Amino acid sequence: MKKQKLTGAEIIWECLIKEGVDVVFGYPGGAILPTYDALNNYREKIHHVLVRHEQGATHMADGYARVSGNVGVAMATSGPGATNMITGLATAMMDSSPIVCITGQVPTAVIGSDAFQEVDITGVAIPVTKHCYLVMDVEELADTIREAFYVARSGRPGPVLVDIPKDIQNAETEFIYSEKEINLPGYQPTVDIQDDDIKEFAKMVNEAKKPVILAGHGILLSEASKETLELAEKASIPIATTLLGIGGVPDSHPLVLGMMGMHGETWVNNAIQNADLLIACGMRFDDRVTGNLKTYSPNSKKIHIDIDPSEINKNIKVDLAIQGDLGNVLRHVNPFINSAKKTEWFNIISGWNKESQQRDVLNIKTDALLGAQAIRKIWEGTKGNALIITDVGQHQMLEAQYYEHDDPRTLLTSGGLGTMGFSLPAAIGASFYEKDRDIWVIVGDGSFQMMLMELATAVQEGVNINIAIINNGYLGMVRQWQQMFYDARYAETPISSPDFLKLAEAYGINGYRVKSLDEIIPAMNKANKITGPTLIEFIVEEHDMVYPMVPAGANLNDMIQRPLFNENGQYKKKEKVL
Amino acid sequence: MKQTLITLVEDKPGVLNRISSLFRRRNFNIESLVVGKSETPGVSRMTIVANEPEARKRGNIYFNLLKLVNVIAVKDVSKLPCVSREFILIKINIDPNQLNEVNTVVKQHSARIVDMGAETVIVEAADEELVINNLVSDLQPFDITEIVRTGKIAMRLGKTLKVNFEKINEKEGEIRWKPEQVSSYQY
Ligand SMILES: Cc1cc2nc3c(=O)[nH]c(=O)nc-3n(C[C@H](O)[C@H](O)[C@H](O)COP(=O)(O)OP(=O)(O)OC[C@H]3O[C@@H](n4cnc5c(N)ncnc54)[C@H](O)[C@@H]3O)c2cc1C
Ligand SMILES: Cc1ncc(C[n+]2csc(CCOP(=O)(O)OP(=O)(O)O)c2C)c(N)n1
Ligand SMILES: [Mg+2]
Numbered sequence: 000m001k002k003q004k005l006t007g008a009e010i011i012w013e014c015l016i017k018e019g020v021d022v023v024f025g026y027p028g029g030a031i032l033p034t035y036d037a038l039n040n041y042r043e044k045i046h047h048v049l050v051r052h053e054q055g056a057t058h059m060a061d062g063y064a065r066v067s068g069n070v071g072v073a074m075a076t077s078g079p080g081a082t083n084m085i086t087g088l089a090t091a092m093m094d095s096s097p098i099v100c101i102t103g104q105v106p107t108a109v110i111g112s113d114a115f116q117e118v119d120i121t122g123v124a125i126p127v128t129k130h131c132y133l134v135m136d137v138e139e140l141a142d143t144i145r146e147a148f149y150v151a152r153s154g155r156p157g158p159v160l161v162d163i164p165k166d167i168q169n170a171e172t173e174f175i176y177s178e179k180e181i182n183l184p185g186y187q188p189t190v191d192i193q194d195d196d197i198k199e200f201a202k203m204v205n206e207a208k209k210p211v212i213l214a215g216h217g218i219l220l221s222e223a224s225k226e227t228l229e230l231a232e233k234a235s236i237p238i239a240t241t242l243l244g245i246g247g248v249p250d251s252h253p254l255v256l257g258m259m260g261m262h263g264e265t266w267v268n269n270a271i272q273n274a275d276l277l278i279a280c281g282m283r284f285d286d287r288v289t290g291n292l293k294t295y296s297p298n299s300k301k302i303h304i305d306i307d308p309s310e311i312n313k314n315i316k317v318d319l320a321i322q323g324d325l326g327n328v329l330r331h332v333n334p335f336i337n338s339a340k341k342t343e344w345f346n347i348i349s350g351w352n353k354e355s356q357q358r359d360v361l362n363i364k365t366d367a368l369l370g371a372q373a374i375r376k377i378w379e380g381t382k383g384n385a386l387i388i389t390d391v392g393q394h395q396m397l398e399a400q401y402y403e404h405d406d407p408r409t410l411l412t413s414g415g416l417g418t419m420g421f422s423l424p425a426a427i428g429a430s431f432y433e434k435d436r437d438i439w440v441i442v443g444d445g446s447f448q449m450m451l452m453e454l455a456t457a458v459q460e461g462v463n464i465n466i467a468i469i470n471n472g473y474l475g476m477v478r479q480w481q482q483m484f485y486d487a488r489y490a491e492t493p494i495s496s497p498d499f500l501k502l503a504e505a506y507g508i509n510g511y512r513v514k515s516l517d518e519i520i521p522a523m524n525k526a527n528k529i530t531g532p533t534l535i536e537f538i539v540e541e542h543d544m545v546y547p548m549v550p551a552g553a554n555l556n557d558m559i560q561r562p563l564f565n566e567n568g569q570y571k572k573k574e575k576v577l
Numbered sequence: 000m001k002q003t004l005i006t007l008v009e010d011k012p013g014v015l016n017r018i019s020s021l022f023r024r025r026n027f028n029i030e031s032l033v034v035g036k037s038e039t040p041g042v043s044r045m046t047i048v049a050n051e052p053e054a055r056k057r058g059n060i061y062f063n064l065l066k067l068v069n070v071i072a073v074k075d076v077s078k079l080p081c082v083s084r085e086f087i088l089i090k091i092n093i094d095p096n097q098l099n100e101v102n103t104v105v106k107q108h109s110a111r112i113v114d115m116g117a118e119t120v121i122v123e124a125a126d127e128e129l130v131i132n133n134l135v136s137d138l139q140p141f142d143i144t145e146i147v148r149t150g151k152i153a154m155r156l157g158k159t160l161k162v163n164f165e166k167i168n169e170k171e172g173e174i175r176w177k178p179e180q181v182s183s184y185q186y
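Protein chains in written order, with numbering that gives the first Met the number 0: chain Y, 0 to 577; chain C, 0 to 186.
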């Protein structure tokens with residue numbers, strides 16, 4: 000008997016189901032109409048979330064991917080629908096997040112003719128995707144989608160775009176979803192580990208007196224938390240994390256120092272600068288991490304473990320390069336690591352720590368609410384147990400400094416691209432996977448306004464997220480740079496906002512406003528009782544700064560510190576206030 | 000330093016675009032790129048010449064190329080024994096009495112005259128870059144009106160086992176196409 004034929008559109012949904020997809024974030028339009036029409040036959044297996052902007056769809060897929068480790072899926076029509084996805088693709092690309100974007104395209108017969116809503120999206124997307132496909136034959140559709148998922152999730156994960164012309168969606172063929180191993184001759188996501196490298200690795204660790212582990216996003220992507228801690232505990236190695244490595248190791252663990260880099264605490268950066276061995280675990284020496292490359296950790300030997308060989312020796316020349324999956328490499332090396340105590344090294348580090356504690360913003364007395372204090376309260380109010388999604392700016396850095404994460408994949412943030420507008424949609428996406436934790440969006444007044452249309456999506460879907468708007472009346476991070484490096488000439492950084500409570504009301508959700516520390520926990524408790532989205536506006540000090548700060552390109556140890564304050568918790572007279 | 004990379008790529012639409020996009024995006028200096036069919040259907044062989052002074056960046060070019068899904072294999076042959084060729088056509092306006100002089104230069108460089116018109120000759124040569132450069136400079140005294148020149152193509156000396164593209168790195172003897180490891184990469 001001949002097998003029943005399916006349309007390309009049906010094949011798309013069948014493939015998604017085979018890949019285990021149960022939610023798709025998308026927005027319809029002319030060139031993807033056949034696929035949306037076919038969706039009606041797959042409602043039982045796939046939930047479609049109607050977004051309000053295709054960029055939102057990509058961030059939702061991204062948020063879903065970051066929290067779950069599975070591939071997130073976004074869908075859009077050709078032309079403007081597809082180009083709206085570019086920012087989301089670039090965001091996912093920078094942070095190695097596995098998403099698959101499916102776009103409709105004009106029919107094959109008119110490709111290249113400037114047809115209505117035609118954009119060469121595969122051409123546009125090349126630099127911002129791990130790989131992209133234009134499907135010109137329905138016979139290749141199923142294999143292409145299968146390959147797209149494989150490429151997105153394997154090796155160093157990343158976004159993949161599949162562009163499917165309308166006539167291919169309408170064409171019919173037999174649906175065969177191959178079970179065979181994918182054979183892409185040019186794509187080798189993993190390599191074998193070399194015994195010599197492992198021996199050298201262990202030797203360098205065993206000889207080191209002042210080592211530091213640099214824990215990056217690779218720990219999460221490789222699910223290597225246990226292995227990393229084992230290495231650290233065995234040889235007594237302090238761990239510094241990157242922004243994206245936060246949560247990979249528990250912040251409350253005594254060996255975990257905190258975040259390194261531009262807004263890393265002094266003791267963390269000092270430890271790196273004074274180390275005799277750096278063990279870079281799945282991190283890519285971003286310029287926000289290294290500062291001036293010429294003076295970066297000048298006296299240390301460096302080991303770099305990365306699954307992507309093109310990241311090794313890119314910014315920092317290393318002494319031992321190990322290509323491979325982090326967990327796998329550490330499982331090989333850990334048995335060769337000797338137990339050791341490094342009391343002297345830890346004494347030095349805690350000396351730096353004590354000095355910086357005196358400047359801790361939590362100890363400042365002021366009538367205004369400070370952003371850092373607000374975030375610390377959110378940490379308290381959620382018992383450090385929430386899934387936090389931040390946007391980009393001062394509030395993002397304050398979150399990294401003052402919300403301690405003990406579990407992997409509990410902080411989602413746009414690191415490499417720093418995409419304002421990321422948080423709300425990413426949280427919506429993540430909420431389709433994360434059912435056990437409270438979900439909190441921590442977002443600036445500027446960033447919130449960049450994607451606030453997705454509030455309607457949150458309401459329509461009834462997702463359980465709480466939105467904490469840290470309102471300082473400014474594009475605060477840019478204002479900070481203007482204050483520090485442009486003589487406080489605030490060019491276009493004061494920003495007005497709508498009345499967020501009225502906005503909440505307009506969207507039919509509960510909104511609260513807090514202006515002081517004491518109001519925070521009660522407001523959070525109210526928000527927590529409500530199912531569906533809620534919004535809390537935090538009115539915080541306008542001119543606060545994120546300290547410490549390493550100015551772009553400066554030496555990592557040349558941090559601008561928060562001014563000291565006196566015993567009453569106020570800044571000393573001579574120091575510049577806030 | 001010049002870096003010569005022999006690259007096997009899938010013969011699919013957009014592959015050239017991906018490679019040129021990579022070089023542009025990463026700000027790698029590309030000197031020439033020649034692409035054509037290889038011995039295997041569906042596979043093109045490229046010779047890419049890059050020019051990056053820093054060794055670290057040269058390694059980075061290699062690993063970035065390798066990372067492209069459509070790139071099957073890359074070999075950095077900069078320091079390996081190779082035959083390398085560039086091809087050139089040169090059109091010269093000529094007086095009949097200059098023909099002998101042109102011929103002498105052409106012979107000196109093992110080039111050929113492939114067309115002799117009433118007022119023009121076309122000279123062709125396929126040789127190493129240096130020879131081609133010398134040919135061009137020795138022909139400068141004449142009235143050159145057109146030059147067309149390809150980038151370099153290169154082939155390693157010695158026995159090559161045919162690459163099996165189905166499973167490129169599995170068979171013994173075919174390790175020459177196995178990707179380099181960062182630790183052992185010779186810049
Ligand atoms: C306003 C702002 C300020 C910032 N300030 C800071 C700051 O102070 N400090 C800071 O750290 N960051 C900061 N960032 C973030 C910074 O820009 C980078 O995004 C971040 O440092 C990257 O971290 P990463 O290298 O760990 O992650 P990624 O960029 O995601 O890199 C991950 C690395 O791990 C590798 N990898 C992936 N999977 C595996 C695996 N299975 N095994 C081994 N390796 C693997 C990848 O190949 C890659 O090299 C800031 C961002 C913004 C927007
Ligand atoms: C899409 C986009 N545009 C511009 C920027 C530059 N930028 C970085 S932080 C920032 C200010 C963010 O303001 P807000 O969301 O209010 O956060 P705050 O710094 O005040 O906490 C801007 C404009 C960016 N990162 N992303
Ligand atoms: Mg702000």
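Any given hint might turn out to be false.
Below, a sample of chain C positions facing chain Y; criterion: calculated Cβ distance under 8 Å [unchecked claim]:
{"no.": "1", "residue": "13"}
{"no.": "2", "residue": "55"}
{"no.": "3", "residue": "98"}
It is worth saying that the hints were derived from the structure and are not from the lab.
Nothing here was measured: the structure is a model prediction, and the numbers come from that model.
Think of the CB as a built atom: it goes at the ideal place given N, C-alpha and C, for glycine as much as any other residue.
Quick rundown of the hints versus the structure:
no. : hint : verdict
1   : 13   : holds, 7 Å
2   : 55   : holds, 5 Å
3   : 98   : violated, 48 Å
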